[in-house]
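In the order they appear, the protein sequences are chains A and B.
Going by my numbering, the first sequence opens with residue 1, and the numbers climb by one from there.
Going by my numbering, the second sequence opens with residue 311, and the numbers climb by one from there.
The set of hints was computed from the structure by calculation and includes no laboratory data.
Remember, predicted model here, so these are calculated numbers, not experimental data.
Do not rely on the hints blindly, as some may be mistaken.
Unchecked claim - Straight-line distance between alpha carbons at most 30 Å, and here's what the computed DSS-like set of lysine-lysine pairs gives: (1) Lys52(A) - Lys435(B); (2) Lys283(A) - Lys30(A); (3) Lys312(B) - Lys52(A); (4) Lys30(A) - Lys425(B); (5) Lys52(A) - Lys313(B); (6) Lys367(B) - Lys30(A); (7) Lys52(A) - Lys382(B); (8) Lys30(A) - Lys435(B); (9) Lys368(B) - Lys52(A); (10) Lys30(A) - Lys312(B); (11) Lys52(A) - Lys440(B); (12) Lys312(B) - Lys425(B).
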Amino acid sequence: MVLHLFYFLVFPGLLFAGIVGGLLSWFDRKVTAWVQFRRGPVLMQPFYDVMKLLLVKETIVPARGSVITFLAAPVAGLFGASVSAVLILLPAFGISAGFRGDIIVIFYLLTIPSLSWAIGALASANPLAAVGASREIKLLIGFELTLLLIFAAVILKSGMTISLYEIIALQQENRVLAGSLSGILLFVAMIFCVQAKMGMVPFDIAEAETELSEGAFIEFSGPPYALIKITKYIMLFVLTALVAVLLLGGLPVDGISLLWSLLKILSVALLLVLIRNTNPRVKIGQAMRFFFIWMNGLVIIAIILSYFGL
Amino acid sequence: MKKSLWLFHFGGASCNNCDIEILACLNPRFDVERFGMLLVGSPRHADVILVNGSINKKGKERLVEVYHQAAKPCLVVAIGACGCTGGIFAEGDTFAGPVDNIIPVDAYIPGCPPKPEAILAGLAKLVEAKFGKKKIPSPDHTKKIDENEIVENEIVTNEKVTLKK
Ligand code: SF4
Chain A
1 MVLHLFYFLV FPGLLFAGIV GGLLSWFDRK VTAWVQFRRG PVLMQPFYDV
51 MKLLLVKETI VPARGSVITF LAAPVAGLFG ASVSAVLILL PAFGISAGFR
101 GDIIVIFYLL TIPSLSWAIG ALASANPLAA VGASREIKLL IGFELTLLLI
151 FAAVILKSGM TISLYEIIAL QQENRVLAGS LSGILLFVAM IFCVQAKMGM
201 VPFDIAEAET ELSEGAFIEF SGPPYALIKI TKYIMLFVLT ALVAVLLLGG
251 LPVDGISLLW SLLKILSVAL LLVLIRNTNP RVKIGQAMRF FFIWMNGLVI
301 IAIILSYFGL
Chain B
311 MKKSLWLFHF GGASCNNCDI EILACLNPRF DVERFGMLLV GSPRHADVIL
361 VNGSINKKGK ERLVEVYHQA AKPCLVVAIG ACGCTGGIFA EGDTFAGPVD
411 NIIPVDAYIP GCPPKPEAIL AGLAKLVEAK FGKKKIPSPD HTKKIDENEI
461 VENEIVTNEK VTLKK
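This is chain A alone, in the form it adopts within the complex:
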């Protein structure tokens, strides 16, 4: 019990994933700054932001709308993100073997943050937040099927095992899944899914700063918004780790391979940031079409290819 609490709260759950995610989010902002030829924020910036929101600012609750749902939503999101962090990172670091079928649980846990933000936004009775929430849900419908297909393809490629630990072990024995033609297609589709899940720029339709003024998050202030920020940091780390685990052969931490793991995480994050910085925001219909037709098609081709052992 104590061990599980430790897993959830400290390592690799809330605290560890939050800190690493914060550093990754600094990396994101710094690279963005470099792309635009400016200096960018200092290393501790994400933590300053969270501390300010957590300790200094007041919490405003909506006058109309449901206060309890509004305040519970960020907590639920944070919970979903930390549990998925535990389930993904424990096998990834080779600490515990997880359980059979954890990959399916992870799939559901990863939708909790988006879903709870949408619920929280709808509870705030703000029209802009409602538009943001409805876009968030639409986007979810769009990319979730692709993500499911990717999971299915990964399971197929690793010989019908549904345990994350075995998938990693298999990749470490043979070669990484992204090392084949179908694996490369899966990697491309996965990157776009992560982009959409993080709400990064080509798919930041739900929090469109310019027209919806942060959409779903418009009413959150102070500590609840800090929780949302932490959830975002954790999600950033967890999703890049997920890409590394499913397709790039896990994140072993012993000896020199620690360096490789770090490199994997950073290069996936770099790819995400560069896509984010070189693309305009798409419309919701375009995003849906992109995922439904192109990405699903890509993944299905990958599944067929992997059926023939490519």
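Chain B with the ligand: place on chain A using the hints.
Below, chain B with the ligand without anything else, positioned relative to chain A:
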């Protein structure tokens, strides 16, 4: 809070020049993000409200509403001659007073329009005055304002704030 000020831009009835200069602050050339400042779209996330332009009778209601919507503690910076005093609009029919007649202002950045450098310097001075070691007295804004109008609304709602006539 000192190291992560999020800015919210309130444009009054300005001639639009100050708006452009504020946006120039945010672009790569001047880069406020290196000070941890960030432009946010919702007053709920704001730590600093940048007010520019003259405030007319319609705009006054909006300004008070935005001020109430912002999560406290929240600073206000008046930008440009219009924001500080009314500038060339001061004698207009619809003019409803410079910003500090409506909400408490923590810093003034004069100029018509102030250069982006001046805005950055102003913000840096604001941080210094509010959180730094050296105490710079902040402007005395208590005399003209009807305090009840500002203070009473502790829990800010998304109700519309009605102004006393
Ligand atoms: S201060 Fe000058 S530049 Fe700024 S809004 Fe007023 S008239 Fe325009």
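Practice task
List in ascending order the numbers of the hints, as given earlier, that are violated by the structure.
Solution key: 6 and 9
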